[in-house]
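Please model the complete structure; the sequences and the hints are all you need to start from.
If you read the sequences in order, they're chains G, V and B. For reference, each letter of the first sequence is one residue, going 517 to 773 in my numbering. For reference, each letter of the second sequence is one residue, going 250 to 522 in my numbering. For reference, each letter of the third sequence is one residue, going 209 to 469 in my numbering.
Because the hints were derived from the structure by calculation, they are not lab data. C-beta: ideal position from N, C-alpha, C; glycine also. Be aware that one or more of the hints could be misleading.
Said to hold, decoys possible - Which residues of chain V face chain G? A partial, calculated answer using Cβ under 7 Å: (1) I324; (2) W359; (3) A363; (4) E371; (5) Y400.
Claimed, not checked - Below, in silico cross-link-like pairs of lysine to any residue (SDA-like), each with a Cα-Cα straight-line distance of 20 Å or less: (6) V:K403 x G:K604; (7) G:K604 x B:V226; (8) V:K403 x G:Q690; (9) V:K454 x V:E299; (10) G:K666 x V:S315.
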Amino acid sequence: MTSVRRIATRIPPGLATFAVGLLAWELLSLFFPPVIFPGPWTLLERMVEIYSDPSSYLVVAQTLQRIFEGFAIAMLTGTAFGLLMGLKRDAELFFDTWIMVLLTVPSVCWAFLGVLWFGISEAAPILTISLIVFPFVAINIWEGTKAVDKGLMEMGSVYRANRSLMFRKVLIPQLMPYIFSSLRIALSLSWKIALVAEAFGAGGGIGQELINWFQDTRVDMMLAWGVSFMIVMVLIDVLAFRLWARRAFAWRPQLAT
Amino acid sequence: MARVRSQPEVIRPEPMACAAIAVRDLTKKFSKPGTDSQFIVIDDVSLSVEEGRFVTIVGPSGCGKSTLLNIIAGIEPYDSGSVQVSPRQGTPMHEPRIGYVFQSPRLLNWLTTAGNIEFALEAQNVPREQWQERVTRQLGMVGLAGQERNYPLKLSGGMQQRVAIARALAIEPDILLMDEPFSHLDAITARKMRFDLMGILAKAKPTILFVTHDLSEAVFLSDRIYMMKTNPARIFKEVAIDLPRPRKPEDPRLLDLERDLVQEFFSVLEGTG
Amino acid sequence: MMTGGVRTVTLRVGSIVVLLLLWWVAARLMHDPEVLPSPGAIAATIAEDFVKPGPTGHSAIFHISLTLARIFAAFAASMLLGVAIGLVMGRNRLVERALLAVIPLMLTIPTILMVFLAVMWFGFSEAGGLIAVMAVVTPYVAVNIFEGAKAMDGSLIDMGVAFKAQNSLLVRKVYLPQLMPYMFSAFRYAFGMTWKIVALAETFGLKFGIGYMFFFWFEQFNMVQVLAWIVMFVVLMLALEHGVFARLERRAFAWRAAIAH
Chain G
517 MTSVRRIATR IPPGLATFAV GLLAWELLSL FFPPVIFPGP WTLLERMVEI
567 YSDPSSYLVV AQTLQRIFEG FAIAMLTGTA FGLLMGLKRD AELFFDTWIM
617 VLLTVPSVCW AFLGVLWFGI SEAAPILTIS LIVFPFVAIN IWEGTKAVDK
667 GLMEMGSVYR ANRSLMFRKV LIPQLMPYIF SSLRIALSLS WKIALVAEAF
717 GAGGGIGQEL INWFQDTRVD MMLAWGVSFM IVMVLIDVLA FRLWARRAFA
767 WRPQLAT
Chain V
250 MARVRSQPEV IRPEPMACAA IAVRDLTKKF SKPGTDSQFI VIDDVSLSVE
300 EGRFVTIVGP SGCGKSTLLN IIAGIEPYDS GSVQVSPRQG TPMHEPRIGY
350 VFQSPRLLNW LTTAGNIEFA LEAQNVPREQ WQERVTRQLG MVGLAGQERN
400 YPLKLSGGMQ QRVAIARALA IEPDILLMDE PFSHLDAITA RKMRFDLMGI
450 LAKAKPTILF VTHDLSEAVF LSDRIYMMKT NPARIFKEVA IDLPRPRKPE
500 DPRLLDLERD LVQEFFSVLE GTG
Chain B
209 MMTGGVRTVT LRVGSIVVLL LLWWVAARLM HDPEVLPSPG AIAATIAEDF
259 VKPGPTGHSA IFHISLTLAR IFAAFAASML LGVAIGLVMG RNRLVERALL
309 AVIPLMLTIP TILMVFLAVM WFGFSEAGGL IAVMAVVTPY VAVNIFEGAK
359 AMDGSLIDMG VAFKAQNSLL VRKVYLPQLM PYMFSAFRYA FGMTWKIVAL
409 AETFGLKFGI GYMFFFWFEQ FNMVQVLAWI VMFVVLMLAL EHGVFARLER
459 RAFAWRAAIA H
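Laid out in structure tokens, this is it:
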């Protein structure tokens, strides 16, 4: 994951290659019908078309709501389980098999099970998102608790810090980098899973748009929906997390300057 | 009116127990993981530290000194014997307060220096209105006045250790445990810190149990020294140092004493083979 | 007092037992095999699927082998291509700069979009599935190998050159051992992605295979069969990941362990 991020920060010097790529894509698209292989210009036109219709925003909002609900559930339960497994050895031995099994069930399976169990409802996509994302968060936080400085915990108990003080001032700050990376992993997974869950399950949402246009073999419309949504999610990721990270880690000299 | 009713009796420490720290026949074993064999970390150790005194345990690395401090601090269990820490006389009865300065500063890097001291104050349930006064006073005492809002990672190693000392003093400890607090610092900083520590102690007068492997540090700082050896980990000698304070590290009497003690260590270490 | 080893085994076995027991109790309470069949019913169905030809005229063994074949073909293809691209990126500045602009984009595109595109462009064919997996997995592998190539210890290569080592020797004894950790992390990651995408592609694109059967029974609303195929898939993948891969990795890293202990 980190290597991907590191590369993402190097984009600006590659802006030229990016422009060349766009041009090549546009040229290539001239040889195909736009419904099969749209160029960037066609794609932009389709996006304008989509977002001039106010009802499109409802579709986006619906998907966003599902993403954030599933994401929130996964973060809360995942953090709780990660902490439990990190702090209690027995819990770790007991639950790690469960986590492995959860990690192995493909998202499509949850999407379908959700539909079979809850019908066409909000519960199915949210269940799918949280069940897929949960184990990743739990594992990440669990690794974080393994990296906690024992010396600081000892210091806390010498000074008789009670449980709540230990949590707030000693444990959680040390877990912050892990909580933070969990948030990012969770968000980037959530929206991709949401599309799968919506495509095969619940009514409405971007996923439904994707599969509908897929069934009509309209690559242009499918890409217009997919790419525009991708841009939204990347923006949320960059804006929300970059800015927050700077504040949360102000105590680190190398980041503060 | 019968005035002489049985009054609620405050249990006063026995004369013998006026020691702030009393350790008797303490033994601690570690079982090696995966085997049944046990390894004796501390073998039948007794010691006492009288209130207001500076007592040092000197010994080679791995002789169980730090374990002993941890047991006294109540963060490590032991197998047999007794450990008693008493609150300062003349203060209202309370759970004894223990300050601890570790080898490394063990500061919470995400809190300011003031925040680090307040952490200890909050842990000890010191009323919030006293915090600011205590933080200012203690930071001033260790020579860090005005550094309240700074983060530990922006301070030098010596300054970080000063914050750790301020944190320990801020809770007005009944006893102060120090585990080789200057061993991670460079020689010059360590020397300055020892001087300053003497100055601080002259004002704060806490009871100190100090651990080090450095004999010159021990003779310079202490009222009394316990000498410890390994295999088995035992105290083999107790030396009182009745030299007046303030002392100078180059005082010939200290140097003589140090040389004698080094001799003694060598003979004991060779004796155990 | 239980000793550490016994306790570990007890807890691990206990965790599976408790999982099955919870499932069984929930199924009992639900009392509706249409919603939640019991683990026993699933086991019986799996056994049946193995011996009897299903609605497609093939037994479970056929579908499982087909899925495995697809997974390994797609995995091998994306690994080969990814390693090649990664190495070239590591050696050539121009390729590096060109691809570093494209790869983050590729990594952000949701899998489902890739699968849809592959199917639309290349049809509901084996090729479509293969290309979908490769489009998603190859960039990950390439990035990993690229990082490995960049982190290569230059002094060791100089040493090899100084000893006039032949190219093939240099590659085998100096290059590859240093790339191995990156190879393996790429391997593990790529494998996990591959089978998930194959499952996705099978559910709505390809003919036959575990995902196909799973979708087939989903459309019939046959809960027992749906769960039976999920369980088969999960058990198979857990066995592969933790049986085969963990063992391979242990052997390849023997020299590292020798240092660590």
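Among all the numbered hints in the text so far, which are the ones the structure does not match?
-> 3, 6
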